[in-house]
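Make a model of the complete structure from these sequences and hints.
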Amino acid sequence: MTIDNRANNSGNGKIMEPVINNFNVTVATVNGSGSQTSNLTLMRALFKMGIPVSGKNLFPSNIQGLPTWYTIRINEDGFLARCERQEICVAMNSATLIKDMEGLVEGGVLFFDDSIKIPISRTDIHQYPMPVNKMVRDSNAPTSLRDYLANMVYVGIVANILGIDMNNIYQALEFHFKGKQKPIELNWSMVSNAYDWATGNLHKEDSYFVKPSNKTTGYIMADGNTAAALGALYGGLQFAAWYPITPATSLAETINEFVPVFRKDPISGKNTCVVLQAEDELAAIGMVVGAGWSGLRAMTSTSGPGLSLMVEYVGLAYFSEVPLVIWDIQRIGPSTGLPTRTSQGDLRLAHFMGHGDAKHVILLPGSVTECFEFGWKAFDIAERLQTPVIVLSDLDFGMNQWMTKPFEYPDKPMDRGKVLWEEDLQKMESKWGRYLDLDGDGITYRTLPGNKAPNAAYFARGTGHDEFANYSEQPGDWEKNLLRLGRKIDNNVALLPKPIIKTTNGAKISVISYGSTDMAIEEAMAILLKNGLKIDHLRIRSLPAASETIDFVNDHERNYVVELNRDGQLQQILCLEIRDSSKNLISLSYLDGLPLTAQWVVNQITAKEDEHK
Amino acid sequence: MTEQSSQTPRMQVNLVGLSKNDYRGNPSSLCQGCGHNSISSQIIAACFEMNIIPENVVKFSGIGCSSKSPFYFLNRSFGFNGLHGRMPSLATGAMFGNIYLKGIGVSGDGDTASIGMGQFKHIVRRNVPLVYIVENNGVYGLTKGQFSATADEGLELKKQGTNPYLPVDIAWEALVSHATFVARSFAGDPKQVKELIKAALSHNGIAVLDIISPCVTFNNQDTTSHSYSWGREHEVALHDLSFVPYAEEILVDYEDGQIKEVTMHDGSMVILKKLERDHDPKNRAEAMRVLEESNKDCCLITGLIYIDENQPTLFELYNLPDEPLNRLTEDRLRPPRETIDIVNQMMF
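Top to bottom, those sequences are chains A and B.
Just so you know, our numbering puts 404 at position 404 of the first sequence, and the rest follows in order with no gaps.
Just so you know, our numbering puts 340 at position 340 of the second sequence, and the rest follows in order with no gaps.
There is no bait here: all hints are sound.
Derived lysine-lysine pairs resembling DSS-like cross-links, with alpha carbons at most 25 Å apart:
# : chain 1 : residue 1 : chain 2 : residue 2
1 : B       : 121       : B       : 282
2 : A       : 452       : B       : 20
3 : A       : 452       : B       : 102
4 : A       : 270       : B       : 102
No lab work stands behind these hints: they were computed from the structure.
On a predicted model such as this, the values are computed, not experimentally measured, just so you know.
Here you go:
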C-alpha cells in the first residue's frame, strides 16, 4: 500500500492510491442495540465475495447500554488477526465518537450517525454522515424493531461506499434469519433503502474499496464453540452437563440444539445424547464423573471460574481413573476478571488441577477446524487413557466467527479403550483387577455398571486402593499406584496431537505458541522474515509435551514463548518438562484481554533480538 | 475381590438362587454398635428378600462414616464413593449409563445437610430414581465429634460446648423440594427400616430415607435425639408398615379402615396398618403438618411420611433408546459420514 502525502486541496482527507481488500473497519455501537446482526451481515457478505475477512466482537460484560466495538479485518493475503490500525470507523455511539475518531489513520473514513451532535475535529479524514433516525422513521417499521433496523442503515451505506455486493448482503441476511422471509425482507428493505440513499446523496471520496476475489474458496465461517459442540457430537458424546458461563455458554447450547438433528439413534429414532443443565459447576463435573465412570462419553464446558470449582472432582477422576472431557473456554482472570475478554490464563491450573500429585492431559486447538477435530478426538484419548482430558479454547475462538477449513469427518473409528464386558471377562486367562496393570503400559482394564458377570463389579473411590480396588493404606500399594498413574500418561504422550512445526532454513531462534494466537503469529513471522529475521515456529497442541517439542526447544538458541497470560504459563511448564531449558525459553506475555496482534509480536521479538546483536 | 460365593447346600437361597452371602460386603470398619451397620444389614436383607440381582444395583456415597458403608454391603454391585456432599451429582450422571439399574445412595447428616444441601435438593427436585439414605446421627464421627447441621439445639458435646443453632430437618427439606418419597426411620427399629428400604427400592423416583442412626462413640447420650435410648422412648410410628412384592398374595386380614394400601410403580404394594394416627402419605400438606407436630412434641415420627408415584423421573424427560446408553456402539453414536457435508453447509 502506498500513501500519497501530497496536500489535499479539498482539505477533507488525503488523496491516496486506492486501497483494495486490505483494511480494517471498526463499528462502534451501544451494547444490546442489536448491532451484531448488522456486523455479521457485513462480514459474511465480504466472505461471500471471496475476500478473506475476520470479525471480532470487543464487548463489555453488560446486557445493554455500554459501548461495544466490532472490528472487521479485510485482508487479501489472509492475515486475519486483530489489527490495531483502524482505517474505517462506523460511529453509532455518541459516547465514544471522539475516541473512535481519534483512532483513525490519516486518510481514514468516518461514517457517523448524523444525530450525533459532536463537532468532527479531524480534517485529515473522510466523513460520511448517515441519516439513521430519518431512515428508520420513514421505514414505518414497528417501534420494537427500530433499534435493530437503525443498524441496518450503516450496512447499506457502508456497502455502497466500499463496494460490497448487495447480492452477498442478501445471502448473509438469508443465512442469519435461517430463511425466514419476514425478517429477511424487513432488514433487506432497510439495507437497500440506505444503499439507494447513499447513491443519491454521498460522493465517494476515500480510497478504500473491496473487490471480489477467490480467496475464500474451500473455507467456511464458524465459531469455535459451534465447532467444539459438533465435534463432540461426532465423537459420540453421550452425556453433557453444564452451567451457564460466558464465554462457554453457547457450546452447551449448541450441543443441545443439534442432538435431535445429528444424534437420533438409527434403530429406535431416540436421542443418544443427554444434555443436562446442572445447578452449578460442582454438580456439572460430578455428573460428568459419574457418567464417565458408567461408560458414557461425557463432557462439560465451562470457563475459568467454573474450572476452579471443578478442581476437586477432577482430582478424584484422575485418581479413580475416570475418562471425561472438559472444554474450558478461557476468559481473563483471576476471579471474575473480565468475563468478556479473552485469555490463555488457565493453562497452569488445568494442567495441574487437584491436590496431591496430578498432571492432566491438555489439548490446545489452534483453529476453529481443530476445535471440531479435538471435539471428537478428546474422547478417544480420555477413554484410552482413562483420565480427564481438558481442552483449552478461549473467548476469541468461542464467540467470534473465523474463516476456517471445513470440518472433516473423523479419520478413525472410536477408541473406547480397555473395557471388559461379560464375555471379555469370561475369556480372560489371567485374573482381572480394576487397577491391575496386565499390559505393562500403565493402563488397566475397566468394567462398567450393568455388567452382569459376578466378578465385574468394583468399588471406585478416592481413597487408597490396591490393584483389586480394595481399600488399602499399605505404603507400597499407594506408591505403586501413583507411579503407575504418572507412567500411564507420560508413556503414552504419542497418542496426543503432535506439535505443528514450521522451519526456515538457518533459523536459530523460534517462536512457540498455541491456541487462538496462531493467526497473529503467522503474520508476525511473515513480517519478521521480511525484516531479515529467520525464525522457526512450533505450535504446541497438547501437554505433556511431545518429544518433538523437547527436541525443538533444545535445537534453538532462543525460543520465544508467546501467550496470553502474565506469568508465561506454558513457558513455565516447558521449563519444568525440559531439563536445563530455562535459559533458552523466553516468555513473551500479552495480557490486556484483547486478541493478540502481529505488530505486538514483531515489536517484542525485534526488541529482544536487538539485545543479542 | 468379588468372587461368586460358594454356597453350601443347606444355605437358604432366594428366587434368583442367591444366598444372603451374595449380598454381603466387606467387614465393617465402623464402631461396634454403630447404627450404620444395622442399616447395612437391612439393605442386605431387603435386597435378598426382594430377589434383586446384586449386579442390577449400583451404590453411591459421599464422604463420612455413613459414606464408607456401601463397601460393607452388596460386594457384587458396582459402587462409587465420591466427594463430600456431592454424591447426588455423581449418581445423577452415573445412572444415565444404565437407567435400568437400581441406585442406592448412602449419605450422612454431615454429607447431606451442610456442603451437600444444594446437591441434595437438586437431585430431589429432578426426581432421579435413587434410594437416598441419610444415616443421621447429628455428629461428625470421622473427625471426632463436632456438631453437624442436624444436631439438636442446646446439645452439649465434649470439647464443642453447646450447639447454638437450630437443626436442619432432612425429611422437611426433602418435602419442600418436592421429593416423591419421604420416610423417616430409626436404626433401632430394623424391621421398619427394612420394609421402608423395600418400598424405596420399588419407588419410581427419588426416595429419601432419613434414618436416625446413633453414633455410639460421640452422640449417644440419653438426652440427645440421635441416641438409641431417646429413639426407643420417643419413637411414634405413623403406621405398621409392610411391603408386599408384586404378585404375592396379601396374607394378613385387616379390619376395614385399618389399612391403607399404596400401589407402587412396579405393582408391589406397601401396606400401612393404622396405629394411633390416621396418616395419609399421599397428602403433602398433611405430611408437612406431621413433621411440624413431631418437632413441636419432641417425638420421633417414623414411617412413610409422603409418597407420590405419579411424577415423571428425570430419565423419563429424555427420549432415550431402550438399550442402556453405555452399551450403544459406534454405529449408533457417530453420525454417518454423509452428514459432514450438511454440517459444513450449515456453517457460512
